[in-house]
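*Asks:* Sequence:
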Amino acid sequence: MIDRFLFILTNNITIEMEESSKFRSPYGEYTIIIDRTGRKYRVGEDVKAITKKLLGYPIGRRLLLLGAWMSFFFGSVLEYGWGAASTTVISHYGWSLAEGFFNYTAYVLFQATITALIFQWLRERGLISPRRALLFGGAMLMIAYYLFANSFQPWIAYVGYAAIGGVGAGLGYAVGGAVVNKWFPEKRGWRLGLANGAWAYGAVPFILLYIYYFNQSDFQTILYITGLTIGIGLMIAGLLVVDPPKYWWPKDVDPIAAREARLKSRELRVNPPPVAQWTPREMLATPQGKAQMASFTLALAASLFNVSFYAPFGAAMGFSGGVAFAVGAAGFAFTDGLGRPFQGFISSLIGRRKALTIFYAFMGLGGLGVLYAGLAHIAWLWAILAVATGAVSGACFVFDWLIIADYFGENYIGRNWSIPYALKVVGGAFGGIVAATILTLVSGGTWADVVTSAPITITNFAWSVVFWIGAVFSLIAAALVWFVEKPPTLEQYIKVRQKLREPIPPEIQQKLKGGR
Numbered sequence: 161m162i163d164r165f166l167f168i169l170t171n172n173i174t175i176e177m178e179e180s181s182k183f184r185s186p187y188g189e190y191t192i193i194i195d196r197t198g199r200k201y202r203v204g205e206d207v208k209a210i211t212k213k214l215l216g217y218p219i220g221r222r223l224l225l226l227g228a229w230m231s232f233f234f235g236s237v238l239e240y241g242w243g244a245a246s247t248t249v250i251s252h253y254g255w256s257l258a259e260g261f262f263n264y265t266a267y268v269l270f271q272a273t274i275t276a277l278i279f280q281w282l283r284e285r286g287l288i289s290p291r292r293a294l295l296f297g298g299a300m301l302m303i304a305y306y307l308f309a310n311s312f313q314p315w316i317a318y319v320g321y322a323a324i325g326g327v328g329a330g331l332g333y334a335v336g337g338a339v340v341n342k343w344f345p346e347k348r349g350w351r352l353g354l355a356n357g358a359w360a361y362g363a364v365p366f367i368l369l370y371i372y373y374f375n376q377s378d379f380q381t382i383l384y385i386t387g388l389t390i391g392i393g394l395m396i397a398g399l400l401v402v403d404p405p406k407y408w409w410p411k412d413v414d415p416i417a418a419r420e421a422r423l424k425s426r427e428l429r430v431n432p433p434p435v436a437q438w439t440p441r442e443m444l445a446t447p448q449g450k451a452q453m454a455s456f457t458l459a460l461a462a463s464l465f466n467v468s469f470y471a472p473f474g475a476a477m478g479f480s481g482g483v484a485f486a487v488g489a490a491g492f493a494f495t496d497g498l499g500r501p502f503q504g505f506i507s508s509l510i511g512r513r514k515a516l517t518i519f520y521a522f523m524g525l526g527g528l529g530v531l532y533a534g535l536a537h538i539a540w541l542w543a544i545l546a547v548a549t550g551a552v553s554g555a556c557f558v559f560d561w562l563i564i565a566d567y568f569g570e571n572y573i574g575r576n577w578s579i580p581y582a583l584k585v586v587g588g589a590f591g592g593i594v595a596a597t598i599l600t601l602v603s604g605g606t607w608a609d610v611v612t613s614a615p616i617t618i619t620n621f622a623w624s625v626v627f628w629i630g631a632v633f634s635l636i637a638a639a640l641v642w643f644v645e646k647p648p649t650l651e652q653y654i655k656v657r658q659k660l661r662e663p664i665p666p667e668i669q670q671k672l673k674g675g676r
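161 is the number of the first residue of the sequence shown in my numbering; add one for each residue after it.
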């Protein structure tokens, strides 16, 4: 069955007629529409018809958003709770600082690998569904915390907390992001920020639990409670998530009209749409793609250092047990998460590139403020600056999605986004084992002290070194965003396709013929 569709090419308001075929699926009738950049839209199938067929019961997009939010919330504790728990864990097991923080680095390795690579590969081939991923992930979180509570040798923690827990948390992160991106293609912004922010503030109740009740006598009990709570929570989230068909678009929203409205909106002036739909290979052939990988990695290294070391630094400065310490440690995670939807909103007003430059620069300078407030033993100022810095520390996660979607399009967003995210492993190395090793060696320790439980007093100079490294990373990331990560042009796209010996897509040829 053939229908005619209007494709509105705005700016010069060129109108073209295109032919599109209607199809029928188990969820209803739908039509495939392709806009002038090559983006595809699958329009016509109802949300509740899809979910009833795939889940066995109908749910709307609000409950799907709740499921995504829960996926982030319950998966966040291993990453954002580590800093508050690390001092007690290292003391309880008699580990060295490096042994303890290698656990964090190994966790990031497994979490990022699952999120960016393995889950994407399995899902694209239909080998795992979001529901099964979260049911499996929840079980893994419970196993991880059981092993972590009984890690009398470091390798048990590496297998439990880092490997098994990293896989479970990675599944939560991957499913949460995929659900928001696939079910809200027409209004992703603040919803992605809201759900993704739970990856940070989801750990706040557990951070407070670790600060006030996590001690030698209640050590195992607290970890068992943590594992059961987040494991069951992630399993419940699995009942509220499912993938829509590829390129799905809500049937009550005209995709071409929505695009036209956006092109006429104020946001267009600061965040223009992509000139084409770039494949991962094409993205990496541009200076912007390479710069995004570098800036994301550097900013992420600084961000994960903040996540893992702000609380241990505050404890080392004598703040532990006080109200300021609780405010700084828990408040950092809270604003890290809560700030994410606001970051997206601000970027819609002033532009992605300008906003991200400001956020990265503030993270670097704010980190130095946290350092010197701590060294001066001003607890209230340390807490305020930790909370303020937290508000921008999650920017790299939000803008990895937003910039890649705005610059390189939607058709390959899953694969394009996952390439920089896989480099979270590098950030986890600095935020864990590398920073711990630097602290040990600069404080007068030896390589033997790095791998043994010999007590080492971390000096103020050592803290200054690692904080300054994190600040420099943030500022370099800000410079890369501002000077290199400008929106790719149509001319760049043509040159990249020619360089890769790829044909120019018909929709791009049409734009060129129209002088656009």
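Treat the hints as calculated values from the structure; they're not laboratory data. Wrong hints could be hidden among the right ones.
To be verified - Result set (SDA-like, lysine to any residue): computed pairs, CA atoms no more than 25 angstroms apart in a straight line:
(1) K213 - K514
(2) K208 - F183
(3) K212 - R351
(4) K646 - W540
(5) K411 - M395
(6) K671 - A484
(7) K406 - I316
(8) K411 - I192
(9) K646 - Y306
(10) K646 - G529
(11) K347 - Y407
(12) K182 - E284
(13) K450 - A476
(14) K200 - P432
(15) K424 - P440
(16) K450 - A536
(17) K200 - K514
(18) K514 - V632
(19) K347 - K514
(20) K411 - V632
(21) K182 - A209
(22) K200 - R661
(23) K646 - L215
As the list claims (entries may be wrong) - Here are the in silico distance ranges between beta carbons for each label pair:
(24) Y384 - K450: 42 to 50 angstroms
(25) W315 - R285: 43 to 51 angstroms
(26) A608 - K514: 46 to 54 angstroms
Using N, Cα and C, we set each Cβ at its ideal position, and we do this for glycine too.
*Asks:* Each of the hints needs a verdict: does it hold here or not?
*Replies:* These are the hints, each one checked on the structure:
Of the pairs offered as hints, the one joining K213 and K514 is violated, with about 44 angstroms between alpha carbons and a cut-off of 25 angstroms exceeded. Between K208 and F183, the direct Cα distance comes to roughly 19 angstroms. Compliance with the 25 angstroms bound is thereby established for this hinted pair. Of the pairs offered as hints, the one joining K212 and R351 holds, with about 23 angstroms between alpha carbons and a cut-off of 25 angstroms not exceeded. Distance check on the hinted pair: K646 and W540 sit about 39 angstroms apart at the alpha-carbon level, beyond 25 angstroms; violated.
For the hint linking K411 to M395, the alpha-carbon distance of about 30 angstroms lies beyond 25 angstroms, and the restraint is violated. Simply put, K671 and A484 have alpha-carbon atoms about 58 angstroms apart, too far for the 25 angstroms limit, and the pair is violated. Our distance criterion of 25 angstroms between C-alpha atoms is broken by K406 and I316, whose separation comes to about 40 angstroms. Distance check on the hinted pair: K411 and I192 sit about 12 angstroms apart at the alpha-carbon level, within 25 angstroms; holds.
A C-alpha spacing of about 47 angstroms is found between K646 and Y306, which places the hinted pair above 25 angstroms, so the restraint is violated. This hinted pair does not check out: K646 and G529 have alpha carbons roughly 30 angstroms apart, beyond 25 angstroms. A threshold of 25 angstroms between alpha carbons decides the hint, and for K347 with Y407 the separation of about 14 angstroms falls inside it, so the pair holds. The hinted pair formed by K182 and E284 meets the criterion: a straight-line CA distance of about 24 angstroms does not exceed 25 angstroms.
Of the supplied pair hints, the one linking K450 and A476 is violated, its CA atoms being roughly 38 angstroms apart against a limit of 25 angstroms. A distance of roughly 18 angstroms separates the Cα atoms of K200 and P432; the hinted pair therefore holds under the 25 angstroms criterion. Restraint check for K424 and P440: not satisfied, since their Cα atoms lie roughly 29 angstroms apart, outside the 25 angstroms limit. Between K450 and A536 the CA atoms are separated by roughly 40 angstroms; this puts the pair beyond 25 angstroms, and the hint is violated.
Under the criterion of a C-alpha separation no larger than 25 angstroms, the hint pairing K200 with K514 is inconsistent with the structure, at around 29 angstroms. This hinted pair checks out: K514 and V632 have alpha carbons roughly 19 angstroms apart, not beyond 25 angstroms. With a CA separation close to 21 angstroms, the supplied pair K347 and K514 stays within the 25 angstroms bound. Of the supplied pair hints, the one linking K411 and V632 is violated, its CA atoms being roughly 47 angstroms apart against a limit of 25 angstroms.
A C-alpha spacing of about 18 angstroms is found between K182 and A209, which places the hinted pair at or below 25 angstroms, so the restraint holds. A distance of roughly 23 angstroms separates the Cα atoms of K200 and R661; the hinted pair therefore holds under the 25 angstroms criterion. A C-alpha spacing of about 42 angstroms is found between K646 and L215, which places the hinted pair above 25 angstroms, so the restraint is violated. Remark: the range hint 42 to 50 angstroms for Y384 to K450 is upheld by a beta-carbon distance near 46 angstroms.
Remark: the range hint 43 to 51 angstroms for W315 to R285 is contradicted by a beta-carbon distance near 33 angstroms. Judged by the Cβ atoms, the range 46 to 54 angstroms given for A608 and K514 holds: they are separated by roughly 48 angstroms.
Hint violations for this structure: numbers 1, 4, 5, 6, 7, 9, 10, 13, 15, 16, 17, 20, 23, 25, all remaining hints satisfied.
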